[in-house]
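Sequences and hints are given; from them, build the entire structure.
Here is what each chain is made of, one letter per residue.
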Amino acid sequence: MYFDNVGGEILDAALTRLARGARIVICGAVSQYNATEAVRGPSNYLALLVSRASMTGMVVFDYAARYGEAMAELAQWLREGKLVSREHIVEGGVSAFPESLLKLFAGENTGKLVLHVGD
Amino acid sequence: MSQTNRRVCLAARPSGLPKPSDWDFVEEPVPEPGDGEFVVEISHVSLDPAMRGWMNAGASYIEPVEIGETMRAGAVGRVSASVHSGFAVGDHVYGVFGVQEHARSDGKGVIKIDPALAPAPTYLGTLGMTGLTAYFGLLDVAKVKEGETVVVSGAAGAVGSVAGQIAKLRARAPSASPVVRRSAAGSLRSSASTRRSTTRPRTSAAPCASTRQPGSTCISTTSVARSSTPR
Numbered sequence: 075m076y077f078d079n080v081g082g083e084i085l086d087a088a089l090t091r092l093a094r095g096a097r098i099v100i101c102g103a104v105s106q107y108n109a110t111e112a113v114r115g116p117s118n119y120l121a122l123l124v125s126r127a128s129m130t131g132m133v134v135f136d137y138a139a140r141y142g143e144a145m146a147e148l149a150q151w152l153r154e155g156k157l158v159s160r161e162h163i164v165e166g167g168v169s170a171f172p173e174s175l176l177k178l179f180a181g182e183n184t185g186k187l188v189l190h191v192g193d
Numbered sequence: 178m179s180q181t182n183r184r185v186c187l188a189a190r191p192s193g194l195p196k197p198s199d200w201d202f203v204e205e206p207v208p209e210p211g212d213g214e215f216v217v218e219i220s221h222v223s224l225d226p227a228m229r230g231w232m233n234a235g236a237s238y239i240e241p242v243e244i245g246e247t248m249r250a251g252a253v254g255r256v257s258a259s260v261h262s263g264f265a266v267g268d269h270v271y272g273v274f275g276v277q278e279h280a281r282s283d284g285k286g287v288i289k290i291d292p293a294l295a296p297a298p299t300y301l302g303t304l305g306m307t308g309l310t311a312y313f314g315l316l317d318v319a320k321v322k323e324g325e326t327v328v329v330s331g332a333a334g335a336v337g338s339v340a341g342q343i344a345k346l347r348a349r350a351p352s353a354s355p356v357v358r359r360s361a362a363g364s365l366r367s368s369a370s371t372r373r374s375t376t377r378p379r380t381s382a383a384p385c386a387s388t389r390q391p392g393s394t395c396i397s398t399t400s401v402a403r404s405s406t407p408r
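These protein sequences, in sequence, are chains A and B. Per the numbering used here, the very first residue in the first sequence carries number 75; after that it's consecutive. Per the numbering used here, the very first residue in the second sequence carries number 178; after that it's consecutive.
Here are the simulated lysine-lysine pairs, DSSO-like style, with alpha carbons at most 30 Å apart:
#, chain 1, residue 1, chain 2, residue 2
1, A, K177, B, K289
2, B, K322, A, K156
3, A, K156, B, K289
Calculated from the structure, these hints are not laboratory results. No experiment lies behind these values; they were computed from the predicted model shown.
This is how it looks when you write it as structure tokens:
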């Protein structure tokens, strides 16, 4: 199972390593969001045929009715120490927003990038 | 409470990486809540790669942010004034409040959060949209089962770091990735094979497509979880 947040060349490389019956979930494609030319497509897509694999997209909003139960389970895992939450907090308030956003596209964040705007 | 609200508006649709000129800063009096409304004093704003997509015109899974509009963003904060029966002054809340210091809301899509259970920023990450994305993506969309090998790209990011951990919980025993070999520089505790590289890796899964500046940190960290239990 391949959970893809990057797209582009990474997705193309992953397609060359599929197990039979593999599933690919397209969650995001951070490598492509700032592309000024056409989005780079997965040229190795025929690996899906060879491996009898599937590739599907997802948008979390479709699960809004179940956010509560999922949050409860995630919170439980945090309490039990099974899950570690990483937040990367940037100071500077809203005026730091433009340059802080760019950290996401330069790989400068580890975990969730958050802008601190007030107490 | 500050009497001025500062907010960030989309000034122009970017081409490539957003430039300073793509943003406008607006200062205005803090809004007053009308009937059925409340005002939130925001403490933390979520920064997400998806925001870049919301800045583009055209059909997507959500309406684009219009020029002149406050930039859309998830945020957490505390209710500072309320004329809403469901939200009282002092309530801690999450909502899509935008990149600003104070937001007026009618409560739609707003959820109350408990800062005693987890710090407010966690409700933007692991207990927020990115954690939920990882949760539903792996457990509902991919239906990850014990014994499967799971590869997560962007595994140092907000979604990927949670996805890697959930994969480990569900697929069990993590192992070193057979695909991606990287110089380790700060792997997440939960994921033995999360890697962050400052050099161009040599393996087939290596190229980092988005940022090609020399010496930049590659964002394409990848983690693998695999079970030793046969399927």
